[in-house]
Amino acid sequence: MKIPAIKDNRALYRKLAAAAALVFLATLGTLLARHLNLGPERAAPAFRDTGPAGAPIVIEEFTDFACPACRHAYSGVKEIKKAYPGAVRVIFKHYPLTNIHPWSVEAAMRADCAGRQGKFEEYANLLFEFQRDWAMEREPGKIFDEYVEKAGLDRAALDACLADPGTERLVRGDMAEGDMRGINATPTFFVNGRRAVGLGQLVDKARPLIISLK
Amino acid sequence: MKTLKAASFAQWAALAGRAALCLVLAWAGFLKAAAPAEEFAYAIETYRLFPSWMATLASLTVPWAEIYLGLLLFLGLFTRLSAALTGALLLFFQLLLGQAMLRGLPITSCGCFGTARSNPIGVELGLNFLLMALAFLAWSRGRDLLSLDGAIESLPSGGGGKERS
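Heads up: the protein sequence lines correspond to chains R and C, in order. Under the numbering used here, the residue at position 182 of the first sequence is numbered 182, and the numbers go up by one with no gaps. Under the numbering used here, the residue at position 99 of the second sequence is numbered 99, and the numbers go up by one with no gaps.
Warning: the hint list may mix true and false statements.
[Stated by the list, open to error] If you want the footprint, here are the derived chain C segments under chain R, 3+ residues with CB under 8 Å:
id : region
1  : 32-41
2  : 64-71
[As the list claims (entries may be wrong)] Negatives, chain R to chain C, calculated, CB over 10 Å:
id : residue
3  : ALA19
4  : SER75
5  : GLU79
6  : CYS161
7  : ALA176
8  : ILE211
Think of the hints as simulated: they come from the structure by calculation, not from any bench. Don't be surprised by glycine CBs; every beta carbon is placed ideally from N, CA and C.
Please take these sequences and the hints and turn them into a complete structure.
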């Protein structure tokens, strides 16, 4: 009977221990990098990325068109952009809360399709301004169509865009990114990578950066 | 484990191969693991070989496998096994790319490095051949120089448990 098997396999156990330590550290490092947003930057389409590319203040805005706090924050962000035009870059990302807002994904897709026609902001303004009219409607299609007219969009091009699977995929991609970054409330902002939830926190995080510009 | 001065060209080449494989694999894995899994899953779906659930499963596991294999190769730990698994993974990628090329699938991003960058399929095929050659080199001579396998096996009372790969 061969008894000293453990002794014979000591090198194997050492290697297994080293491999386990390596796997643990690599996992920890990758998850930490993910948590600290050190991974690759996920670009938004150009029509949702406004402001100078080299701006010292970069605000990523995760928003739901049907969320009242997002409507409030959206106008706040616009004011910041207006006050510091050369210093602020805003990257708009969709984070529809589908469990409470049934039409948010469609609204986001429509806004993106308007964006492909160079009118993202116009359509987004309409969605936020008249949010109460469509957000909890049973069938808001007609209301969305009115906005197509108001924003002066090409209807056929918009329909083709909505039928393109890539349009929904883009919105779902934003949602997946938001999930990965631990977003569970809207609006959530990342101001130069630092998280802020709601307009109040956004202003708190942006203020020192704005002061440092002066 | 040989001393550095006595190392042959093949051993140095195998060491360089381990380092190169680590760079490529660990970086490619990190780029995908740090991005939403759905994006890599979509890239896999464009090869039109697997159902959606398999693409999702692969997108959640393959990036981590790449990171671990890259680091194991770099350190020379379970070198032969890591090199063999890397070779098998690369061969699998090669088959995926090859069938896509033959079928003329409209693949705009191979998904190899997430959405961060992408080469044409032909370039990726060539790069994969090179990486497979490096994996073979690492498999055949990768344990000889600066490897944890060699270091651990040369420790006192540690000679009885050589790698069984």
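Status of each hint after checking the structure:
Interface restraint, the region 32-41 of chain C with chain R: holds (7 residues with C-beta to C-beta distance below 8 Å; minimum three). Coverage of the region 64-71 of chain C by chain R holds in this model, with 4 residues showing a Cβ closer than 8 Å to a Cβ of that chain against a need of three. A cut-off of 10 Å between C-beta atoms contradicts the statement that R/ALA19 is not in contact with chain C; the least separation is 6 Å. Listed as outside the interface, R/SER75 is consistent with that label: its C-beta sits roughly 29 Å from the nearest C-beta of chain C, beyond the 10 Å cut-off.
No beta-carbon of chain C comes within 10 Å of the beta-carbon of R/GLU79; the shortest separation is about 31 Å. For R/CYS161, the shortest C-beta to C-beta distance to chain C comes to about 18 Å, beyond the 10 Å cut-off, and the non-interface label holds. Not every CB of chain C is more than 10 Å from the CB of R/ALA176 (nearest about 4 Å), against its label as outside the interface. With 10 Å as the threshold on Cβ separation, the claim that R/ILE211 sits away from chain C holds: the shortest Cβ distance comes to roughly 32 Å.
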